[in-house]
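Number of protein chains: 2
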Amino acid sequence: MISSEKPGRREFVETLTKASLLLSVPGMNASGRFRQPAQPVTVGQVMELILKTIPNAPFPKTVDTLKSGSPDQKVTGIVSTMFATMDVIEKAIQLKANFIIVHEPTFYNHLDETDWLAKDAVFQRKHDLLEKNGIAIWRFHDYWHSHRPDGIRMGVVTALGWEKYMDANNPRLITLPAPQSLSQIITHAKTKLGIATMRVVGDLNQSCRRISLMPGASGGRSHILAMSQDKPDLLLCGEISEWETAEYVRDARQQGQKLALGVLGHIMSEAPGMQWLVPWLQPKLPDVTITYIDSKTPFTFM
Amino acid sequence: MISSEKPGRREFVETLTKASLLLSVPGMNASGRFRQPAQPVTVGQVMELILKTIPNAPFPKTVDTLKSGSPDQKVTGIVSTMFATMDVIEKAIQLKANFIIVHEPTFYNHLDETDWLAKDAVFQRKHDLLEKNGIAIWRFHDYWHSHRPDGIRMGVVTALGWEKYMDANNPRLITLPAPQSLSQIITHAKTKLGIATMRVVGDLNQSCRRISLMPGASGGRSHILAMSQDKPDLLLCGEISEWETAEYVRDARQQGQKLALGVLGHIMSEAPGMQWLVPWLQPKLPDVTITYIDSKTPFTFM
Chain A
1129 MISSEKPGRR EFVETLTKAS LLLSVPGMNA SGRFRQPAQP VTVGQVMELI
1179 LKTIPNAPFP KTVDTLKSGS PDQKVTGIVS TMFATMDVIE KAIQLKANFI
1229 IVHEPTFYNH LDETDWLAKD AVFQRKHDLL EKNGIAIWRF HDYWHSHRPD
1279 GIRMGVVTAL GWEKYMDANN PRLITLPAPQ SLSQIITHAK TKLGIATMRV
1329 VGDLNQSCRR ISLMPGASGG RSHILAMSQD KPDLLLCGEI SEWETAEYVR
1379 DARQQGQKLA LGVLGHIMSE APGMQWLVPW LQPKLPDVTI TYIDSKTPFT
1429 FM
Chain B
1129 MISSEKPGRR EFVETLTKAS LLLSVPGMNA SGRFRQPAQP VTVGQVMELI
1179 LKTIPNAPFP KTVDTLKSGS PDQKVTGIVS TMFATMDVIE KAIQLKANFI
1229 IVHEPTFYNH LDETDWLAKD AVFQRKHDLL EKNGIAIWRF HDYWHSHRPD
1279 GIRMGVVTAL GWEKYMDANN PRLITLPAPQ SLSQIITHAK TKLGIATMRV
1329 VGDLNQSCRR ISLMPGASGG RSHILAMSQD KPDLLLCGEI SEWETAEYVR
1379 DARQQGQKLA LGVLGHIMSE APGMQWLVPW LQPKLPDVTI TYIDSKTPFT
1429 FM
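Chains A and B, in that order, are what the protein sequence lines are. Under the working numbering, think of the first position of the first sequence as 1129, with each following residue one higher. Under the working numbering, think of the first position of the second sequence as 1129, with each following residue one higher.
Treat the hints with care, as some may be off.
Computed, partial: chain B to chain A, Cβ under 7 angstroms [what the hints assert, rightly or not]:
| id | residue |
| --- | --- |
| 1 | MET1326 |
| 2 | GLN1357 |
| 3 | LYS1359 |
| 4 | TRP1371 |
| 5 | GLU1375 |
No farther apart than 25 angstroms at their CA atoms in a straight line, the calculated lysine to aspartate or glutamate pairs in the DMTMM-like style are these [stated by the list, open to error]:
| id | chain 1 | residue 1 | chain 2 | residue 2 |
| --- | --- | --- | --- | --- |
| 6 | A | LYS1318 | B | GLU1372 |
| 7 | B | LYS1424 | A | ASP1215 |
| 8 | B | LYS1247 | A | ASP1215 |
| 9 | B | LYS1386 | A | ASP1215 |
| 10 | B | LYS1318 | A | ASP1215 |
| 11 | A | LYS1424 | B | GLU1372 |
I should point out that these hints are in silico values taken from the structure, not numbers from a laboratory. A virtual CB, placed ideally from N, CA and C, is assigned to each residue, including glycine.
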């Protein structure tokens, strides 16, 4: 997401207030793990359980609010996914899971503001589907990135098989054991992450060893400062704005630098982090079925 | 560009002040056209000449400021382009043209802020090249879009051969004389605009007749409101954020709507508008050589 967008503080504060009422509910032990609960766990209790693991949570400002449903509702099952698309919601209903944890917005804007969509038929139908089926959606974006290690980063690094190449002091930096051609690295990323086509700036024969890996859409300034600091051969990132990161890399190349850019796609770069959530969360909630649903990319290339 | 970004008012006001000192310079006649000038036209005079054609110009807030050079410098030749890349600057120097009119930023961010880049080697080298060769760069973004008709829109519509299909009351809306498959329209756009690969959301066999054409990066909210208003079969746009426009189209499709999205690429969708500038500006400055340089896309697809 772009850093200039402001989180919905008001909504978050409201959510917190509701959730904090549930702190003393029986069933949660001191370790924050539910064992044979006296009654089904609620959405608010799951949120509370997760927030206990996040440094400095709760945050005064965050986009990680409930987008539908209530903290009080009893959880019948949890779905983890990148986007709560119409299809993902339908699949959750089929699974009888009424709590969807998403990484990205539900209503097409970073703050999930809906006033401007009040008369929009697509929004209305999605909203009605959620209401009718009592589906709670919680965004788990800022908190998951703030977990140590960053859950999204661990998901994509694990999917790429690059855990052992991470720099201990700079987790963004991957140093391959031996140089590979840009083409080889792009092929590897496409295969491991299930990507059909990538946008690339660079010479496909260029040799690369140092990679700045930045899933999601960190923004041009973050990308450029990272390249300036890491001095990578390749920036491998999720999403860019064309007038920022790509133009910087183009200028650097036209100045003779050996620098390349690979655009994985926002969804394809972060979805593995929502898959990585399941084995992380399941032991904390052994009596709740937690399912990862791949929301997939909507794009084809032609 | 995204609408939430704020223009650099301070810089613009400074530019205006300098430019307004030049209003009474000999050589400019009442129609704002230079004929056999007593002395070479200056950068400020060219800007003034152009601003006379833009409704409500000058704007109190705009990103359309001088990014390098001075309003006082004598113009040796003009280059119009999408981006002042290193290569475009080098070509302008070869052409002995010292005034580059661009549509997009020079320094990798919408406001062309440079403080954060002060120690960046890529920025320094580009800045030094401009300084050493006395190259003025003026961004012509907000004003060109505000010209009636929008110069960028006219460029891309003309390149697509769709002038006669534009809606008189809603220039964004194109109604083809007969339905075509999404695949046919994408192929047409790629051929006419020189695009290698496009990202598409939709069924390539879907029949389309109504097209909302939105070059550049208007932002998700603009895209969604336009689709809600125009009820197009296809939104053909320049650049998107994945979590906005693409997810809306995906949800609409999963709800059964016949709606498609074609992403032309920001550069490829707006560059024709900077080519269209040349025949528009040349008659106003018959004694100045004006050259369009295609800054091209930096992307390859793999």
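Now the hints, each set against the structure:
Annotation: interface hint on MET1326(B) holds; nearest CB of chain A at approximately 6 angstroms, less than 7 angstroms. Interface restraint check: GLN1357(B) against chain A, minimum CB-CB distance 10 angstroms, threshold 7 angstroms, status violated. Hint status for LYS1359(B) relative to chain A: violated, with the closest Cβ pair at about 10 angstroms, above 7 angstroms. Nearest Cβ of chain A to the Cβ of TRP1371(B): about 5 angstroms, under the 7 angstroms cut. The hint holds.
Because the closest C-beta pair between GLU1375(B) and chain A is about 6 angstroms apart, less than 7 angstroms, the hint holds. Pair hint LYS1318(A) plus GLU1372(B) holds up; C-alpha atoms about 24 angstroms apart against a cutoff of 25 angstroms. The straight-line distance between the Cα atoms of LYS1424(B) and ASP1215(A) is roughly 38 angstroms, outside the 25 angstroms bound, and the hint therefore fails. Of the supplied pair hints, the one linking LYS1247(B) and ASP1215(A) is violated, its CA atoms being roughly 48 angstroms apart against a limit of 25 angstroms.
Between LYS1386(B) and ASP1215(A), the direct Cα distance comes to roughly 16 angstroms. Compliance with the 25 angstroms bound is thereby established for this hinted pair. This hinted pair does not check out: LYS1318(B) and ASP1215(A) have alpha carbons roughly 31 angstroms apart, beyond 25 angstroms. Under the criterion of a C-alpha separation no larger than 25 angstroms, the hint pairing LYS1424(A) with GLU1372(B) is consistent with the structure, at around 15 angstroms.
The structure shown violates the earlier hints numbered 2, 3, 7, 8 and 10.
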